[in-house]
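Assemble the complex: chain A is given as a structure, and chains B, C and D must be docked to it using the hints.
Number of protein chains: 4
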Amino acid sequence: MSELGRWPISCEIPVQWGDLDALNHVNHTVFIRWMETARMHYFIACDFTGLLESEGIGPILAGLKVDYSAPVQFPDTITVHTTVTRLGNSSFDMAYRITSATKGDGSVATGTVSGVVFDYDAGSSTPMPDSLRSRIEKLEATGSG
Amino acid sequence: MSELGRWPISCEIPVQWGDLDALNHVNHTVFIRWMETARMHYFIACDFTGLLESEGIGPILAGLKVDYSAPVQFPDTITVHTTVTRLGNSSFDMAYRITSATKGDGSVATGTVSGVVFDYDAGSSTPMPDSLRSRIEKLEATGSG
Amino acid sequence: MSELGRWPISCEIPVQWGDLDALNHVNHTVFIRWMETARMHYFIACDFTGLLESEGIGPILAGLKVDYSAPVQFPDTITVHTTVTRLGNSSFDMAYRITSATKGDGSVATGTVSGVVFDYDAGSSTPMPDSLRSRIEKLEATGSG
Amino acid sequence: MSELGRWPISCEIPVQWGDLDALNHVNHTVFIRWMETARMHYFIACDFTGLLESEGIGPILAGLKVDYSAPVQFPDTITVHTTVTRLGNSSFDMAYRITSATKGDGSVATGTVSGVVFDYDAGSSTPMPDSLRSRIEKLEATGSG
Chain A
1 MSELGRWPIS
11 CEIPVQWGDL
21 DALNHVNHTV
31 FIRWMETARM
41 HYFIACDFTG
51 LLESEGIGPI
61 LAGLKVDYSA
71 PVQFPDTITV
81 HTTVTRLGNS
91 SFDMAYRITS
101 ATKGDGSVAT
111 GTVSGVVFDY
121 DAGSSTPMPD
131 SLRSRIEKLE
141 ATGSG
Chain B
1001 MSELGRWPIS
1011 CEIPVQWGDL
1021 DALNHVNHTV
1031 FIRWMETARM
1041 HYFIACDFTG
1051 LLESEGIGPI
1061 LAGLKVDYSA
1071 PVQFPDTITV
1081 HTTVTRLGNS
1091 SFDMAYRITS
1101 ATKGDGSVAT
1111 GTVSGVVFDY
1121 DAGSSTPMPD
1131 SLRSRIEKLE
1141 ATGSG
Chain C
2001 MSELGRWPIS
2011 CEIPVQWGDL
2021 DALNHVNHTV
2031 FIRWMETARM
2041 HYFIACDFTG
2051 LLESEGIGPI
2061 LAGLKVDYSA
2071 PVQFPDTITV
2081 HTTVTRLGNS
2091 SFDMAYRITS
2101 ATKGDGSVAT
2111 GTVSGVVFDY
2121 DAGSSTPMPD
2131 SLRSRIEKLE
2141 ATGSG
Chain D
3001 MSELGRWPIS
3011 CEIPVQWGDL
3021 DALNHVNHTV
3031 FIRWMETARM
3041 HYFIACDFTG
3051 LLESEGIGPI
3061 LAGLKVDYSA
3071 PVQFPDTITV
3081 HTTVTRLGNS
3091 SFDMAYRITS
3101 ATKGDGSVAT
3111 GTVSGVVFDY
3121 DAGSSTPMPD
3131 SLRSRIEKLE
3141 ATGSG
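Residue numbers (our numbering), protein chains in the order written: chain A, 1 to 145; chain B, 1001 to 1145; chain C, 2001 to 2145; chain D, 3001 to 3145.
Worth flagging that the hints you see were computed from the coordinates, not collected in a lab.
Each residue gets a CB set at the ideal place from its N, CA and C atoms; glycine is no exception.
One should not assume that every hint holds.
[Stated by the list, open to error] Facing chain C, from chain A, some residues (calculated, C-beta under 10 Å):
1. Leu23
2. Asn27
3. His28
4. Thr29
5. Arg33
6. Glu36
7. Gly56
8. Ile60
9. Leu64
10. Lys65
11. Pro71
12. Pro75
13. Thr77
14. Val113
15. Ser114
Okay, chain A solo, but in the shape it has when bound:
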């Protein structure tokens, strides 16, 4: 059986000045936007995006949870790491970990999301196709975990 949670995908994003809010640190919603960008890179890497185009089957976000551990300022560059931690029948969980160039190894925020595999034509959830499941497992196997 394949192992999940091996953090195969990450991306670097420079902080933008407009990410700051009136408290002079990056607004807490921006961390969640960064996680979303990493998620989409993951979906491209496992071709979930291709499945949406060809068969109308795509992911829907059901919920998220974020813990903030350190503020981020401008200028800085953050890295978002992401991994799939659970593959259910028609649902899945992903985890996120954000680090910053100036703050070093400790994470500035961590998060999890739960997603559902959705058939947009039928308008209901659907089992995750085996081909996608297999590509996710292969992608995780390349992780640094």
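Showing chains B, C and D alone in chain A's frame:
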């Protein structure tokens, strides 16, 4: 001949806390987002949105110009007023004026955009259909100008 | 002993066109921005904002959890309801419930945040002043709960 | 006399998925946020930010103009180039040019802003200090122009 520039459409939008930037006033890009929202209400009112759905002919933004005259804080409620000021063959101009509940009658920002009528299937600009032109002229005739 | 969780504060916010993402519904981070706006209205109502200005003691967001139950489109108007559900020694929890004019009574999203009372001069958490605690309890007592 | 308009500062920013709007390309306000980030890097490079902290003299945005020439998609990486094109007594102009990794050398958008040197304590515009003027001229002299 019909008159344009009569400001038929406006919408009220409360300032959100997250609209503030590190200088503790509403970030300058937010004013442009407010203008966009008013523009879309205008496009719904003249059924430019319907034309896009039925015939694949819709607006494209070519350029914009904004002048800022006063900062906006939280909490406050702004009103965006908009009007079509020019109807060309396959292009058009719109103007915007933003006022705020706490600042009174003077505008906090004004702007203009130039747009192009675009045939998304053909991938090129196209003359504005007479039916749309007529609806815009009727909408402007209802203005408070 | 005072009761919490009585939902005393709410605010209405019209959806902006730019809130939509490439899936043509309001991006999931926007819901969290709406919750933040309601939170700041709550902090103004209980004068947490005044405490920050006068004594340098203010709230810090430690974590959040959001569940999404229905997509939101443009145009629409949402209402964010918020309440304090727990007052600890130097921490507190708040809950959020978002409804939409077009979707009716059911919530489109719910959320919770955990916050910490922070002394910005000392750089550490601090017990919640009794005066603030009392104002929150009075505010909750006015709720519709 | 020193030459301006030599494009000394640029920064690379990856497109985020959330930058896309319902038309499936990067929303037009995001281009303006990118320009703002480049502007702030310029202000750090010429220490306009230091002047704000030490003497309360900083920039205020008076107006902007943007022309859009090509849509940007996700994923892609853009580069914003910026330069000061005019130094007045208490005002200045800057120009921006955005290119994209996938679109090649042609710009996807260009823009200009006009700014004012503002004394935040006095609440009025103020002549640009010679020291700042000199640093801007030196910075421009390093440009690739």
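Going through the hints against the structure:
| no. | hint | in the structure |
| --- | --- | --- |
| 1 | Leu23 | holds (8 Å) |
| 2 | Asn27 | holds (8 Å) |
| 3 | His28 | holds (5 Å) |
| 4 | Thr29 | holds (5 Å) |
| 5 | Arg33 | holds (5 Å) |
| 6 | Glu36 | holds (7 Å) |
| 7 | Gly56 | violated (13 Å) |
| 8 | Ile60 | holds (8 Å) |
| 9 | Leu64 | holds (5 Å) |
| 10 | Lys65 | holds (5 Å) |
| 11 | Pro71 | holds (9 Å) |
| 12 | Pro75 | violated (22 Å) |
| 13 | Thr77 | violated (20 Å) |
| 14 | Val113 | holds (9 Å) |
| 15 | Ser114 | holds (9 Å) |
The structure does not agree with the numbered hints 7, 12 and 13 stated previously, though it agrees with the rest.
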